[in-house]
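Visitor: Model the placement of chains G and V on the given structure of chain Y, informed by the hints.
Residue numbers (numbering that gives the first Met the number 0), protein chains in the order written: chain Y, 0 to 148; chain G, 0 to 148; chain V, 0 to 148.
Calculated from the structure, these hints are not laboratory results. Certain hints may be false.
From the structure, some residues in chain G lie toward chain Y, with a derived Cβ separation under 10 Å [stated by the list, open to error]:
{"#": "1", "residue": "Leu100"}
{"#": "2", "residue": "Thr107"}
{"#": "3", "residue": "Gly110"}
{"#": "4", "residue": "Pro130"}
{"#": "5", "residue": "Asp137"}
Backbone N, C-alpha and C define an ideal beta-carbon position, used for all residues, glycine too.
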Amino acid sequence: MKDGHDPICSFEFGASKELIVRFKAGTDLVQSLAELARSKGVKAGSFTAIGALKGGKLGYYDQRSHEYREIEIDSPMEIASCMGNISLKGGEPFVHAHVVLSDERGNTKAGHLLEGVVFAAEVHLSQLEGPKLERKYDKATELMLWVTK
Amino acid sequence: MKDGHDPICSFEFGASKELIVRFKAGTDLVQSLAELARSKGVKAGSFTAIGALKGGKLGYYDQRSHEYREIEIDSPMEIASCMGNISLKGGEPFVHAHVVLSDERGNTKAGHLLEGVVFAAEVHLSQLEGPKLERKYDKATELMLWVTK
Amino acid sequence: MKDGHDPICSFEFGASKELIVRFKAGTDLVQSLAELARSKGVKAGSFTAIGALKGGKLGYYDQRSHEYREIEIDSPMEIASCMGNISLKGGEPFVHAHVVLSDERGNTKAGHLLEGVVFAAEVHLSQLEGPKLERKYDKATELMLWVTK
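Here chain Y stands alone, though its shape is the one from the complex (with noise of 0.2 Å):
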């Protein structure tokens, strides 16, 4: 496949493992994250998370400026929904999480999970097995994506 022809660059797994983690309150939900693919040895995974968080920072990423705007949470919200993957990036462990949080009147804040400081935090993470799953640089959006060699 020549990445840059093909409108659709695709991978192929097996599940070797889901696991099931509840993180603890004070920890941040990305770095949980990380750690624990880290320690789990997960090089390509998905992952669903539910819970709630005291606060955290989201991220909008600016589609012309090529940057991301800050979203700062600096109240207790729900983790309405949280999902995600874990790939490689320069040969370790990379997160990339987006959610939706929710306050007391079901009112929401969304986006790119930059910081989130657990309150009570439930996670699906499935490792997958196969191919290297690797972030490089794309010229194009200036972000770090997956591409095929």
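Guide: For chains G and V alone, coordinates are given in the frame of chain Y:
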């Protein structure tokens, strides 16, 4: 693993069955998930769902007072996202689900799903086989959470 | 199982392959998922996706009039959540996807995904092997839903 000191409490499973299920109009989404788990012998699992609700009730857990605040949903909404898990509580399958709902302008309400009257619902439940995943009372949060022995 | 009387309509599968896929800028998220399913021979599946859209169109199904109302998204948004399934409709793989999108302040728009112009998209599709999962016309909702038999 001594539970009190480790920031992560993890359980390893294999997937045994993937259930694709439609719940019919008028059923309750949380109760139907629990009945599905009971009827299929699911003691640990992870699910996603999409569809629409006629109405329902969401929860927001107040991290200071440790009480759920309820958010009434009294109009038809899309289930833009629903995810969660099945584990045991008092020996019975217990459903923990969070949702994001959306109205006719795409505006959202989200939180912990307490009740949801189904208009249409399409569920993917992964049945997991492995250790006992059981909720026990957690003093710090006053929630029923998973603990390792 | 007599479909008319059971509140649940369920199908049991095994997972055969886990596909991790990146869709490139300018592709349509719904169409790319359908093409992926066709090219990989996926007749039943479940997926999640994160990334960002340049724009798109969401749907809200009016439960009284039984018509989709369309919600135009004419600015760049994060894909905070995307989940759904693949099944057959008229013998061909059909994509049913719901999304939550978020803007530069973290505010959200959500619903049934009708169209989505990809800026970047990372997809996890579980290919499921088992019974035929086919959509048929459902009188009660006027939607194409799964039925047993």
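Visitor: Against each hint, give a clear statement of whether it holds in the structure.
Guide: Right, here's what the structure says about each hint:
no., hint, in the structure
1, Leu100, "8 Å, holds"
2, Thr107, "5 Å, holds"
3, Gly110, "5 Å, holds"
4, Pro130, "9 Å, holds"
5, Asp137, "8 Å, holds"
Of the hints listed earlier, there is not a single one the structure fails to meet.
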